[in-house]
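Line by line, the protein sequences are chains A and B. Counted from 1, the first sequence has number 691 at position 411 by the working numbering; the numbering is strictly sequential. Counted from 1, the second sequence has number 718 at position 438 by the working numbering; the numbering is strictly sequential.
Don't read these hints as lab results, they were simulated from the structure. Everything numeric in this text was worked out from a predicted model, so none of it was measured. No false leads were mixed into what you were given.
Copies of the same chain look alike in the list, so a pair counts if it works inside one copy or between any two.
In silico DMTMM-like pairs for lysine to aspartate or glutamate, Cα to Cα no more than 25 Å straight-line:
1) 768 with 873
2) 406 with 329
3) 406 with 506
4) 768 with 880
5) 413 with 351
6) 413 with 394
7) 413 with 498
8) 327 with 375
9) 406 with 394
There are 2 protein chains.
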Amino acid sequence: MTDGPIRLTHRAHARLRPADDARITGGFWAARRQTNAAVSIPQGPAKLEAAGNLANLRAAAGGTETAFAGDFPFQDSDVHKWLEAASWQLAHGPDRELEREVDRLIALVAAAQEPDGYLQTYYQVKHPERRWKELDWGHELYCAGHLIQAAVAHHRATGRTALLEVALRFAAHIEATFGEGRAVDAVCGHPEIETALMELYRETGERRWLDLAAYFVDLRGHGSLEAGFRRGGAPTPGSPYWQDQVPVREARTATGHAVRQLYLLAGAADLATETGEAELRDALARLWTVTAGTKTYLTGGVGARHEGEAFGDAYELPPDRAYAETCAAIASVQFSWRMALLTGEARYSDLIERTLYNGFLSGVGLDGEHWLYVNPLQVREEYEFRPGDHTARRTPWFRCACCPPNVMRLLASLPHYMASGDGTGLQLHQYAAGTYTAGGGTVTVAGDYPWVGRIAITVDEAPAGTWTLALRVPPWADRVRLDGRTLKRPDTGWLRLERAWSAGERVVLELPLEVRFTRPDPRVDAVRGTLALERGPLVYCLEQTDLPPGVRLDALTLDPAITPGAEHRPRLLGGVTVLTAGGRARAAGGREEGWPYGAEAPEPAGEPVELTAVPYYAWANRADGAMRVWVPRA
Amino acid sequence: MTDGPIRLTHRAHARLRPADDARITGGFWAARRQTNAAVSIPQGPAKLEAAGNLANLRAAAGGTETAFAGDFPFQDSDVHKWLEAASWQLAHGPDRELEREVDRLIALVAAAQEPDGYLQTYYQVKHPERRWKELDWGHELYCAGHLIQAAVAHHRATGRTALLEVALRFAAHIEATFGEGRAVDAVCGHPEIETALMELYRETGERRWLDLAAYFVDLRGHGSLEAGFRRGGAPTPGSPYWQDQVPVREARTATGHAVRQLYLLAGAADLATETGEAELRDALARLWTVTAGTKTYLTGGVGARHEGEAFGDAYELPPDRAYAETCAAIASVQFSWRMALLTGEARYSDLIERTLYNGFLSGVGLDGEHWLYVNPLQVREEYEFRPGDHTARRTPWFRCACCPPNVMRLLASLPHYMASGDGTGLQLHQYAAGTYTAGGGTVTVAGDYPWVGRIAITVDEAPAGTWTLALRVPPWADRVRLDGRTLKRPDTGWLRLERAWSAGERVVLELPLEVRFTRPDPRVDAVRGTLALERGPLVYCLEQTDLPPGVRLDALTLDPAITPGAEHRPRLLGGVTVLTAGGRARAAGGREEGWPYGAEAPEPAGEPVELTAVPYYAWANRADGAMRVWVPRA
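Chain A on its own, in the form it takes in the complex (with noise of 0.2 Å):
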C-alpha cells in the first residue's frame, strides 16, 4: 500500500478521491523519479548539513554549536521539506539507508523542540525575545506547516510516530497561542499551516485542526498583520506579498507573492473540500479560471515578476524576467489538484499536466543535482549574471534553498496526481506508465507518452456490473483515436468509457502529436509577432548550443508555412523527441549600437535556417547561453 498526500475524510465534499493505490512503473516519470530517488534525496541531509540547517536545529537543542547560521528564519523548513520528501519515497518501497537519515533528521528535529511544543530554531537561537512577534517575516506558521505536513507524510507512508508527536505538540502550542482573545489574533506572511492543519486533520480525524485551519483562512485579508505583528521593513504595509489584503471569498484575481497565493488557495481548497461550502468553492474555482486565464506562462509557470516573487498584471507575462519559481509552480498543481477533485473537472488536471512537463521539471536538472528557482522563457546571449542570481544557470542548492526539496517532494509523490476515483469508477488525469487503483477498479497504464501518443490501458480489475474509466483527453487534442477509431473530445475533457469490464480488457488510446504551432492571445504584450512549437504536452524551446556556427538566437524568425518534424533521439539529454523547423536567420554581422529605434522599414527576411528544438524542462542542461520558447514569426 503506497500512501501521498491529500487523504479525505469520508465526509468530504469532494466530487472525485484520491486513488487507494497508485505506482509508477516505467517511462518518462519513472526515470526523473529514479534520478530524485537515486540522486536529489540521498544528497539532501549532506546539502542541509552544508548549509547550517542541522547545526540550527543542534544548536536550539542547546549543543555546543550556538551560532544560527543562514541568511532567513525559515531555513528549517528546508529540512521539513526534505522529511516530507524522504517519507514519500520510503512509502514506495523500504530503503535502510533513508530510512535511518530520516530518523536521525527526526531526531534532531524533536530534540529542538522545546517543551512548550514551540520549534523554529531562529527564534530559539537568534531571537527568542522576538517569538510570534513578527508574523509578516518570521515564517513562524510557514515552518510549522511544512513541519506538519512531513509529519503527515511521515506517519501516513511508514505509519510511526515519531514526527507526527512532534508536529502535534506544537500544533496543540499554536491552537493555545492564536485566536480570539489569546495571545496572537493574526496570520502568517507566508501560508502553509492551512493545507497543513487540514491534513491534520485528515490524519488524526480531530476536528480542532481543521477549525484552526478555517480560523487562519477566514482571518486573512483583514489586515490583522498591521495590528502590532510587524517587524518593518520591506515589503510595504499591506503588501499583497503578504496575502492579508482582501479575504480569499472576495478575492477577485492572484496576486501578490506567488507561492504565497497558491498555498493559500490550495489550503482553502482543503478547507471547501471538507466542508462543502459553496461560497469558498466558487470563490476558488474563479480565481483558479482567472489565473490560469491572464497570468500563466505557456510553460504552466507562474509568477511574473522578480520584485516580490509576484504574480503580474492580468496578460502581463514577460518572457526574459517571468519569475515563474519552481516552487510556484508545484503550489500551482496542489492547487489544482485539489480542485480536480473538489470539482471533478478535467481542466485542472490540463494545466497539472503542462505545469508538471514544463515549469515544474524545468527546475531540477537532468541529474538531479542542479536547481533552478526561477523559470524563465528566454534568456538573451547579453544575459548578464550577477551574483546571487539564479535565473538562467543551474545551481547545486541555494542560499534560499526552497525549491530543491519541494521538487524533491513532489516528484517522490508523483503517482498520486496521476488517477482519482469516484462511485462511478476511476478517473485517469494523467498517463505515466504505472498501475492505479481507484473506484473499485485497478488499472494499468502502459506507452511512452509523451515521445508515443498510444497509450494501452489494461482494466486489472472492476467491479462487477457497469463501471467507468474516463480518459482525460487534453484540450490540444481535438480528436483523439480510441481502439482505433477516431472520436471528437469531450468538451468536458472527459472520456467516459462506461461499460461492463472484464479483467484483461485493454483500450488504446492515441493522443495526436503533431507539432503544433501556438500563439500568444494579442492582450500578451510582452510575446507580441511569436510563435512557440508544442508538442503534446511539450512546450519546447531554442537554445543557442543547437543553432549552426554564425547563427544568432536573436537573429531568427520562425515560419510556420513550413511543416516541423520531430525525431526521437535517445541519447540527447536523458532520451527527447527534438522538433526541427524552419526559419529564417538575419545576418550576425552588423551588430551596431546605435539608436534602437528607428523609422518604419521592412525588416531584412534572412537566410533559411534549419531550426532544432528541444523540450523546454531540458534546458540550460548542456552549456550556459541563448534560449527562447517564443520566436518571432517569419
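Since the structure of chain A is already known, use the hints to place chain B on it.
Just chain B now, with coordinates in the frame of chain A:
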C-alpha cells in the same frame, strides 16, 4: 549674471564650455520653469517638514525633538536637493521669500553639523555607533555629495558662503577619514560624492577635492565594500546595485542601480574633463554608446527593472514594467551633458532633448505638485494598484522622496543645458526660447518649439571677424530648412554657420515636424510588432480617456497606411499638439479568460477607429487609466 551646474576650470580638457549666461524667457520650458518656481519649489519646505526631514535636522542639533523620522538613512538629501534647486532658482532673480526659506533651512543644516564636520542626521540621531560603518546602505557620502552640490549652487548663485562653509567642513572631515591607510578605505554604495567633489574643486580651485574625487572613482569596482563595510541584508553582496562590481575604466555596459550607475559616470566624466585622461574618456564614451543603444527607452528613460531599480540586460526594455525612474532620467541628462562638453559631439544632446521632453518631464505633473517616480511606457486597464505603488498614479510626495527635489533642481538649472561655447563660437544644443551668451557671442532664440518647427535665432552680439553659430540638428530631421533653403542633416549633427556676423542678424531654422511612425529594433522583444508615434522631440501615447466609448486600449491596432494629423489644442493639458491617427478596434465584448495561447489563426482586424494621441510627458494628468506608447500595428 546667472549661473548653473558645471563651471569648468581653465585647465579643463573639454571641447565645449558651458554658456556664460543662459536665460530661458518664453515658450514651453519657461512655462514649466514658472510652475517649478511658483508651485514646486515653494512647497518644498512644507513637504520636508511634514515628512520629518527638518525635524531630523533639529534633533541632530540637540533640540527637543529626538526621534528620527522617515524610513531611510538618506532623508537629509531631500533637504540638500531642495536647497540646490532653490539656489539655482535664486540665480535667476531675487525672491525675498525664497531667500528667507533658503536661509532658514541652511541654518537648520548648519546647526545639525557635528563639531568634527560630520553631518547625517540618521547616524547622528539614530545610530551614532554605526557612523562610517555601513557604507553600502548608509548613504553618508551620498548625502555629503548632495550637501556639497547645494553649497556650490548656493555660493555660485548668491556669492554667500554660509552653506559652503558647512560643506567644506564636512568635505575636510571626509578627506581626513577616507583613503589608503586612513580610518576608512572604501566607497559609498550610492555614488554622488564624485561629481560633488569635482564641483567643489571647480568652485574653490582647491586641487585636494579633485584628488579625493579621483580616489573614489578609482577605488570603485575593487570590492572595498566587502571589506567590512556591509551592514548585511539584501541586495546580495557584490551586487552591481552598489556599483562596486567593476572599475569604471573596465566596464563593458551600464549595469545595476540606474541612478547610482549614471551619477557615477557623471562624476567620472567630470574627472576625465578636468584631468584630460583619454582612457577614462574613451571608457565613458563606450558606456554611453552601449547604454543609449541597448538599454534606453524611446522616452529616454533608463532602468528596465523594478527589482533593484536597475538596468536590465541589453534589449530588455519592457514597456509595462519599465522602471525608468525620474531620477535616472535626470542622471542621464547630467552624464550626457558632461559628455557633450567633453567631446563636442551632438549625439549627447540628442539624447538630452529626448529625455527632457519625455522620460524626465513625465515625472512632474502639469500642476507641479503631483509626481511620478516610475515612468512606464504602458499601463494596462487591469493595472492593480498595490500599497506603496508609485507607478501609474501621480502622488503628492513619496516615502522615498528623491525625485521631486531632483526635478526641481534640474528645471531650476535648465538654461545651462541649452547652449555652449568654444573658440569658434556658440553651439545651440536645445531650442528653448531665450538668450544665451557663450563663445564670445550672444544669441536670442524665438519660436514655439516643440509645437512649431520654425526657430528664429538672432545674433545679438558676435565678435568681429568670422564666428560660428552651430545649430544641433536632431537625428529625426533628415532635412531642415535654413532661411528657406533645404539642407541635408550634417553627419555630425552640427549645422555650422561660419561667417562674419553683424549684430541683429537673424537666421531661421525649420525643423520638420511631420508625424513619424517609429518601430523598435527587432531585438527589443517586448515591443515587437508595435509602432510608436513621434513628432519632433516628443514621444506620444494613447490614454484610455481619449478613446471612444466602448473601445479598449488593449484591443487597438495602429495603421501606418493612414496619414496621421496634428492639431494644437491650447486648452488641453496646458496646451499641447495632439496627433490623430487611424487604427482598428476589436470588439470589446467576448473578453473570456480562457487559456491565452492557441492555434495559429488570423487576428480579427476590428473596426476602423480614429485615435487621439497626447504627448507622453502629459500622461496621467486627467484620470487613472490605461496608457500605451507602443501600439500594435494593424
